[in-house]
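Using the sequences and the accompanying hints, generate a full structural model.
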Amino acid sequence: MKNIKRALKIHRIFMAQEFKRMMEYKGDFIVGIIGFFLVQLSNLLFLWIIFNQVPTLMGWTVYEVVFIYGLSLIPKGIDHFFFDNLWNIGFFIIRKGDFDKYLTRPVNTLFHVLVEKIQIDALGELIMGIALVCVSIPHIGADWDFFRIAAMICMIPFITLIFTGVKTITASAAFWTKRSGNVIYLFYMFSDFAKYPAAIYNRVVQNIITYIIPFALTSYYPALFILRGENPLFNLGMPVLASAVLMTAGIIVWHRGLRAYESAGS
Amino acid sequence: MELNRNGIGKSNEDMISVDKLRKEFKKTVKDPGLRGSIKSLFRPKTEKVVAVRDISFAVAEGEILGFIGPNGAGKSTVIKMLTGILTPTSGSCTINGKNPTQNRKSYVKEIGVVFGQRTQLWWDLPLRETYGVLKEIYEVPDDRYRKRMAFLNEVLELDDFIASPVRTLSLGQRMRADIAASLLHSPKVLFLDEPTIGLDVVVKDNIRKAIEHINGQEKTTVILTTHDLADIEQLSKRIVMIDKGSKVFDGTIAELKAKYGQIRELYFESDCKNAEQTLAYDRQFALGKDDLSVETEGKSVKVRFNSSIVPVSDMLSYTLGKINVSDISVKDADIEEIIRRLYGQGAES
Numbered sequence: 001m002k003n004i005k006r007a008l009k010i011h012r013i014f015m016a017q018e019f020k021r022m023m024e025y026k027g028d029f030i031v032g033i034i035g036f037f038l039v040q041l042s043n044l045l046f047l048w049i050i051f052n053q054v055p056t057l058m059g060w061t062v063y064e065v066v067f068i069y070g071l072s073l074i075p076k077g078i079d080h081f082f083f084d085n086l087w088n089i090g091f092f093i094i095r096k097g098d099f100d101k102y103l104t105r106p107v108n109t110l111f112h113v114l115v116e117k118i119q120i121d122a123l124g125e126l127i128m129g130i131a132l133v134c135v136s137i138p139h140i141g142a143d144w145d146f147f148r149i150a151a152m153i154c155m156i157p158f159i160t161l162i163f164t165g166v167k168t169i170t171a172s173a174a175f176w177t178k179r180s181g182n183v184i185y186l187f188y189m190f191s192d193f194a195k196y197p198a199a200i201y202n203r204v205v206q207n208i209i210t211y212i213i214p215f216a217l218t219s220y221y222p223a224l225f226i227l228r229g230e231n232p233l234f235n236l237g238m239p240v241l242a243s244a245v246l247m248t249a250g251i252i253v254w255h256r257g258l259r260a261y262e263s264a265g266s
Numbered sequence: 001m002e003l004n005r006n007g008i009g010k011s012n013e014d015m016i017s018v019d020k021l022r023k024e025f026k027k028t029v030k031d032p033g034l035r036g037s038i039k040s041l042f043r044p045k046t047e048k049v050v051a052v053r054d055i056s057f058a059v060a061e062g063e064i065l066g067f068i069g070p071n072g073a074g075k076s077t078v079i080k081m082l083t084g085i086l087t088p089t090s091g092s093c094t095i096n097g098k099n100p101t102q103n104r105k106s107y108v109k110e111i112g113v114v115f116g117q118r119t120q121l122w123w124d125l126p127l128r129e130t131y132g133v134l135k136e137i138y139e140v141p142d143d144r145y146r147k148r149m150a151f152l153n154e155v156l157e158l159d160d161f162i163a164s165p166v167r168t169l170s171l172g173q174r175m176r177a178d179i180a181a182s183l184l185h186s187p188k189v190l191f192l193d194e195p196t197i198g199l200d201v202v203v204k205d206n207i208r209k210a211i212e213h214i215n216g217q218e219k220t221t222v223i224l225t226t227h228d229l230a231d232i233e234q235l236s237k238r239i240v241m242i243d244k245g246s247k248v249f250d251g252t253i254a255e256l257k258a259k260y261g262q263i264r265e266l267y268f269e270s271d272c273k274n275a276e277q278t279l280a281y282d283r284q285f286a287l288g289k290d291d292l293s294v295e296t297e298g299k300s301v302k303v304r305f306n307s308s309i310v311p312v313s314d315m316l317s318y319t320l321g322k323i324n325v326s327d328i329s330v331k332d333a334d335i336e337e338i339i340r341r342l343y344g345q346g347a348e349s
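Which chain is which? The protein sequence lines are A and B, in order.
One point on numbering: in my numbering, the residue at position 234 of the first sequence is 234, and numbering is uninterrupted.
One point on numbering: in my numbering, the residue at position 155 of the second sequence is 155, and numbering is uninterrupted.
It should be emphasised that the hints constitute simulated quantities derived from the structure, not laboratory data.
Quick caveat, the model's predicted, so the values are computed rather than measured.
Among the hints, erroneous ones may be present.
Said to hold, decoys possible - Estimated spans, in silico, between C-beta atoms of each pair:
{"hint": "1", "chain 1": "A", "residue 1": "M22", "chain 2": "B", "residue 2": "T28", "range": "48 to 54 Å"}
{"hint": "2", "chain 1": "B", "residue 1": "V50", "chain 2": "A", "residue 2": "C154", "range": "53 to 59 Å"}
{"hint": "3", "chain 1": "B", "residue 1": "G216", "chain 2": "A", "residue 2": "M1", "range": "40 to 46 Å"}
{"hint": "4", "chain 1": "B", "residue 1": "F42", "chain 2": "A", "residue 2": "M58", "range": "55 to 61 Å"}
What the hints assert, rightly or not - Only part of the chain A face toward chain B is listed, based on derived beta-carbon distances under 7 Å:
{"hint": "5", "residue": "I13"}
{"hint": "6", "residue": "E24"}
{"hint": "7", "residue": "K26"}
{"hint": "8", "residue": "T104"}
{"hint": "9", "residue": "P106"}
{"hint": "10", "residue": "N231"}
{"hint": "11", "residue": "R256"}
The C-beta atom is built at its ideal place from N, Cα and C for all residues, glycine as well.
Right under this line is the structure:
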């Protein structure tokens, strides 16, 4: 309990530092947010063009697809907002020996790295995701009972950790290879598959995004339950299980990596 | 706590003891060029590099130890193992009864670390913010924090720039700020890796005084690596010297001078055209290459010789008897000269 309190306090302090840092560079901050909204708008335009041609996609209506698309952006945006620093581990921090700093402070290194930075650009994804989900819900004729809404909200922390877990494992590779930014990128890009119903892909891709790099668990499978009430044990249980497995694996690989860390000459 | 501070109870124990510490790195060997890089991608060849070779030494509480050696000797690697950044390949180090790689979090609360080439300050924010965050990270209570900041302010004169963003600080200010950051939690041991690198003489002197002051007042044990031997001469009574990963000397500066310091420097000016040939020291005295060197530059001649083989008086009377000289003097070897001899030929300085 004391540990959690301390962790929350440190998190709050780092967040405050980050906001102060952003205020030092206001122009950059504003342009970053505008940029991200533009990216999301162009994605939306693309989606709109597709659905003007095709009214349904493998049995999924326009608004159901919009819902899945929006739902996939929410955990991605949360992870991007809070835990973006893992990219720096993969690209710079280990290679340049700057990881030394974390090892000389009395804070868990992974926790320190995760909470040290926030990425304000992620608000673009997050707001767009929430907006799409909210816009699509009234058009979908599902049984919107309390349990489904609660399930959707409760799933969000878990599916966020699927992103964080994959990034932690791939970033840790840098402890051995010095640089793993492109490895993170390769795996992270699989999350693009999660924007659309997994049913539209062939079997191989489906299996990969369900069991190996399980980004389909972040939107499609929860949506199967939320929209259609299908198989809650699998559709909700699997994402929770996957987030636990990936995050645990991430923590183990990270701590193995610490022993292999070689710093850099100075 | 108080008992330890006063040295009662554990006065005989060493603060730091290092036993046969060794670190090996694996290095990929590549043939030159793009072809070599591609070849090594498919068939990587690795070779073992021993950066630190079974080093042992001990440091008493409150001591300032100078840790010196040429570039690439393994100084930083040793410091990184002592601070828990690197895991030793074999051997052990114990600091205040703790092993750095086991239970790292409780260990690092007792040490402060400064790498002169790096900074742990928040680059984009006013310096004050860094101390605010470190206070929370190290869980320093409010009243202790206020007292501590007042003390560090006084010793390191932070007041002038504590409100400026770190990116605008000069190198000297940044170094003072970094040293203050490493001392905020009152560590028992302070590791300073090149704390005076790149600084001008005045700033160097201020930093040395601050380190001396903190060591004197709080009995902080200090390990210091440096290339500037003036740091060592002013701060530490004892030095450990390493070269190519092995320890080559461990003792006080006085011992170093006694052991290797028999070199004297005879300096004179003479009108004699070819003083060097006329004098021919190497034929007159039984001095080998290592024990004698002569430099002539215009009128002035510098002779370095080993005074345990040829007494200074013999050297003087021989020289004065052979040629006419003006302005003659004999100097003690300085520590730099000794170290140059110890490092050997291959070392860069």
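Comparing the hints with the structure gives:
For the pair A:M22 and B:T28, the beta carbons lie near 40 Å from each other, so the given range of 48 to 54 Å is not met. The supplied range of 53 to 59 Å is met by B:V50 and A:C154, whose beta-carbon atoms lie about 54 Å from each other. One distance hint, 40 to 46 Å for the beta-carbon pair B:G216 and A:M1, holds here, with the actual separation near 42 Å. Separation of B:F42 from A:M58 is about 42 Å and departs from the stated range, judged on CB atoms against 55 to 61 Å.
The closest approach between the C-beta of A:I13 and any C-beta of chain B is roughly 5 Å, which is under the 7 Å cut-off, so the hint is satisfied. Hint status for A:E24 relative to chain B: holds, with the closest Cβ pair at about 5 Å, below 7 Å. Violation of the interface hint for A:K26 is found here, the shortest Cβ-Cβ separation to chain B being roughly 12 Å, above the 7 Å cut-off. For A:T104, the shortest C-beta to C-beta distance to chain B is roughly 5 Å, which falls under 7 Å, so the interface hint holds.
Interface hint status for A:P106: upheld, as the beta-carbon distance to the closest one in chain B is roughly 5 Å, under 7 Å. Checking A:N231 against chain B by beta carbon gives a least distance of about 44 Å; that is not within 7 Å, so the hint is violated. With a cut of 7 Å, the hint placing A:R256 at the interface with chain B is violated, because the nearest CB-to-CB distance is about 11 Å.
Violated hints, listed in ascending order, are 1, 4, 7, 10, 11; each of the other numbered hints is respected by the structure.
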